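Q: Now for the letters of each chain:
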Amino acid sequence: MRANRWSAGILTVVLALTLGAVPAAADHVIKVGGQCDRTGPTKNVGVELCPGLTDYIDLVNKKGGVLGHKLEYTEIEHGYTVDRGVEAYERLKRDGAVATLDYGTPIVYALTPRHMDDKIPAITPGFGRADSTDGTVWPYIFPMAATYWSQAGAGMKFIKDNGAKKGTKIAHLYYDNPAGREGIPIVEAVAKKEGYELRLFAVPPPGVEMGPQVIDITRRFKADWVLGHLFGQSPAVSIKELKRAGFPLNRFVSFVWGAGEANIDGAGWDVSQGYIGMQYSSTGRDLPVIKEIIQKIYKDEKKDVPKYVGSVYYCRGVLNGAILAEGVRLAVQNHGLPVTGDKVRQGFEAIKNFDLQGFLPPMTVTPQDHEGGGWVRMYQVKGTEWVAVTDWIRGYRDEVLAEVRKANKK
Amino acid sequence: MLNRACGVYQTTYEGDMALYPLPLARASAIGALVLLVLLPLAVDSHKMALVNLMVLASIGAIGLNILVGYTGQVSLGQGAFMMVGSYTAALVTLRLGAPFWVGLLAGGTVAAAVGTFFGIPSLRIKGLYLAIATLAAQFIIEWTINHSTWISGGVQSTIYVPTPDFFGWPINSEYRRYFMLLPVAVIAYVAAQNLVRSRVGRAFVAVRDREVAAEIIGVDIFKYKLLAFAVSSFYAGVAGALWTYYLKIANYEHFTLTTSVSYLAMIIIGGLGSVLGSVFGAVFITLLPIVLVYVVEGGAALFGFKYAAIANFLANLRLIIFGGLIIVFLAIEPEGFFRMWGNVKRYFRFWPFSY
Amino acid sequence: MTFFFDLTVNGLMIGTMYALVALGFVLIYKATSVVNFAQGELVMFGGYVAAALISLYHLPLAVALPVLLGTMVVLGFAIERGVLRPLVGQQVISVVMVTIGLAQVLQGSAAMVWGAQTKNIPLPIPLDPYIVWEIYLSPINIVAAVVSAGFLVGFAWFFRRSRLGIAMRAVANDQQAAMAVGINVRLVFALSWAIAGLTAGIGGVVWGSMLGVDTQLALVGLKVFPAVILGGLDSVPGAVVGGLMIGAIESVAAGYIDPYVGGGTKDFIPYVLMIVVLMIRPYGFFGREIIERV
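Protein chains in written order, with numbering that gives the first Met the number 0: chain A, 0 to 409; chain B, 0 to 354; chain C, 0 to 293.
These are calculated hints, taken from the structure and not from any lab test. From a predicted model like this one, the values you see are computed outputs, not experimental measurements. The reader is advised that the hints may include incorrect statements.
[To be verified] Each computed PhoX-like pair below joins lysine-lysine, with the alpha-carbon atoms no more than 25 Å apart: (1) 69/A to 295/A; (2) 159/A to 118/A; (3) 92/A to 125/B; (4) 118/A to 125/B; (5) 62/A to 381/A; (6) 221/A to 62/A; (7) 306/A to 381/A; (8) 30/A to 125/B; (9) 30/A to 191/A.
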């Protein structure tokens, strides 16, 4: 019987706490939301990216909000799983969100039909789906940053600019899941065009072991360059494995999710010297936006500045927040209240020359191009930080656009 | 209070063997059905989505319980069989243009075939060795689907299906999806209840309890084990196919090892060896992460913490509480919710007396 | 041909590391008949503790290692007392689920205490490979293999020669008889979990230095299942043989078969192998056959 009294007690407490979570109604608040992975395979990204996003939204609100209206961002943790991602989206929709950030390629794929039906736009910077570059086919999905196809193109261009010629051996090391495989068509197309010898090496999830692949790359295939598309924990492992096998890291180019401080922390900075990664937004604490965040959100509130402010993934989060805010702003400015998902979509498509004070190359979004141009910048590990080694580049745009057309014809 | 069996006499064999022989039981079953049908009137779209998730989970859980609870064969491959059903339904709908109920049947049948194949080792290996062999099923099936583009539809391993429709009436809201799922779940439930009370069900239980003795009295062990795998995988396949129609895509990342483990958790917490228990377990496990999020967020709001400051703490606390609840639950009530439900019923049966 | 040797040597070295994790698993199963699905998470936890001691608190290796092993032993004791004791006598599947629940708890606590970033375990071992007869040998792999082998030999001695080890084997063989002879079965249970914790700790250092410490490290535990099944769930030499075999075969298979099937061979070859072996020898190579009585 004592157990029963305990259970009754616990139930009461649970109910009381649950009621406390009921959101209070408020007007003149524009709601947006998104998912975040803080416990799943990409949590090393999520714990820096999501605070970046919420910090930027806080900054916007501190400066008066979006044209006077408070912008409210609700983050729902989903651990990179689809069913919780779907539940999160439904909850955001119920609470009146007019735009969402969809985190994770499988979640983007799963939610695409719902976004199209509910007419609520989603931004997916840095995640799948590359075919949503064509906004006429996918009006409610916005990559808003270089997709994996554009990253592949840029990576191949960098390799070409650094001495690759006909017969150069390129190894494409990729994470063996739909997101990881997305880059393959472009890599293959470019390799065929330039006459490179290309071999593909898949790393099965969770990507913590790739011994045979690395042995094959370095001993049997004897690659000249490695183009890597890994995420989560596997970039750190790949750096260590290739270094252990004696491969020169300055010939190892990684897509955007292998290019954060978190990945190098995992591998060790002294180990990773020379490794090259691409970014779709600038990084560092010198950027005006980051300085403003540090001042207004942390110093003014007398809070310590966390270590990750200004890091690569944090800045990507800031970018996500900025895009959401900009889209909502244009929606309110061009189409007035009340804000709906469709108006935000038009707001996104009206973004012109948006560069957030030097944060990214001026981005213009059109109904035909939801990607914003597909620009990236190459950074290299030097000392204890990422240092830019190129300007904003993009490569093989024709091949990328051809692939977009091909994918959408199906 | 309502001493149920008092004054009820059966005069036919059919009456005695009926699923709900007592009038009170029959009335409450019909009442429950009516409530389920009327449920959409009372809930909003988000809660409807939650209910849909629970209904989906129940079907798979019932299937797994038939295999694990009634036949005693531990299986860690539920996710894989659901995956098979999901892709089959998607391919059938996409390539042959079949309506969704054909997709369901096709998904179930193919999954049953695959499940039977992976049940063959059960002839030779038992207990935990068999459990790990089913783990092999999970990995092998996942790899096969992932790497054969004929099945997986290309590099993305995602197949989109058009909105399913019921004779021209498109199913595109949570409420309509509920009515797509509910009949299947009800049929699954009733079928399972009847199966376990039949000859086949008794054979299953015999295999679980004393395999050697069962063989001696003439129960064909191998046939019934394979049958259990087949039936369980059929349920899994149907559940997987329903996922395809619910999400409108088939993607293998929905059906990982974690999925198999949570189905196991559902039936253990709900009650091994009982169909109603599977439903309880499915409801509990589906709601648990969501309720936990609300509770923790509410508690945080009460204490004045902004979400962003403690988001990491919350997210991991969720994991800890989830695991901890499983442990505590198994320590306190190892036979699951079904046993608790039985206790409640028994209490009211004798009320106001205590025995 | 050197490619083959490269793969094999690499695989064997990884195999010793698998064997180490498998050892902890088999120990628990032998003594308590519990299948510990949380072994991988214990390895992960050990890795986190090691990373914290070495990177965060900057303890020298000589101090950090004993502290790590001590912590893991205490953890093992605590788990046995707190989680497993209340479930004595319940059906096997319940206990299995409890270990799964335990795995979640360990994952959540590790991430909560130490954060979500991948941690590095810096060891004073050079990174550039040695080249022996055209085979590249990575120093870290060598050290890991040597350490694992050393511990395996140590445990073999422990079980053969020391009193406590023999007592543990007795309990594993026949609990009732052991109790009748006066062996403290409860102590043996606790000890088996403590030793499993210890092997997990070493495994954590070894795997963590190779791969980096993250909650994904726990998935190493999954890889161990084919190894223990191959060797036999209740056999210590079986764990070793199983681990080595799985390590070597998956490495060679992945190296040769991957290009034809687009990758992922490493994942499922161990399981295919496992099923094949199970059909021929249901209890693994060294496992004891379970004799059923009606």
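Q: Now tell me, hint by hint, if it's right for this structure.
A: Hint check results:
1. Of the supplied pair hints, the one linking residue 69/A and residue 295/A holds, its CA atoms being roughly 17 Å apart against a limit of 25 Å.
2. Under the criterion of a C-alpha separation no larger than 25 Å, the hint pairing residue 159/A with residue 118/A is inconsistent with the structure, at around 42 Å.
3. Of the supplied pair hints, the one linking residue 92/A and residue 125/B is violated, its CA atoms being roughly 48 Å apart against a limit of 25 Å.
4. The suggested pairing of residue 118/A with residue 125/B is violated, with an alpha-carbon distance near 52 Å, which exceeds 25 Å.
5. Taking the CA atoms of residue 62/A and residue 381/A, the gap is near 36 Å; set against the 25 Å cutoff, the hint is violated.
6. Between the alpha carbons of residue 221/A and residue 62/A the distance comes to roughly 55 Å, so the proposed pair goes past 25 Å and is violated.
7. Taking the CA atoms of residue 306/A and residue 381/A, the gap is near 19 Å; set against the 25 Å cutoff, the hint holds.
8. For the proposed pair residue 30/A and residue 125/B, the alpha carbon gap of about 55 Å is over 25 Å, so the pair is violated.
9. Simply put, residue 30/A and residue 191/A have alpha-carbon atoms about 47 Å apart, too far for the 25 Å limit, and the pair is violated.
When the structure is compared with the earlier hints, violations turn up for hints 2, 3, 4, 5, 6, 8 and 9 and for no others.
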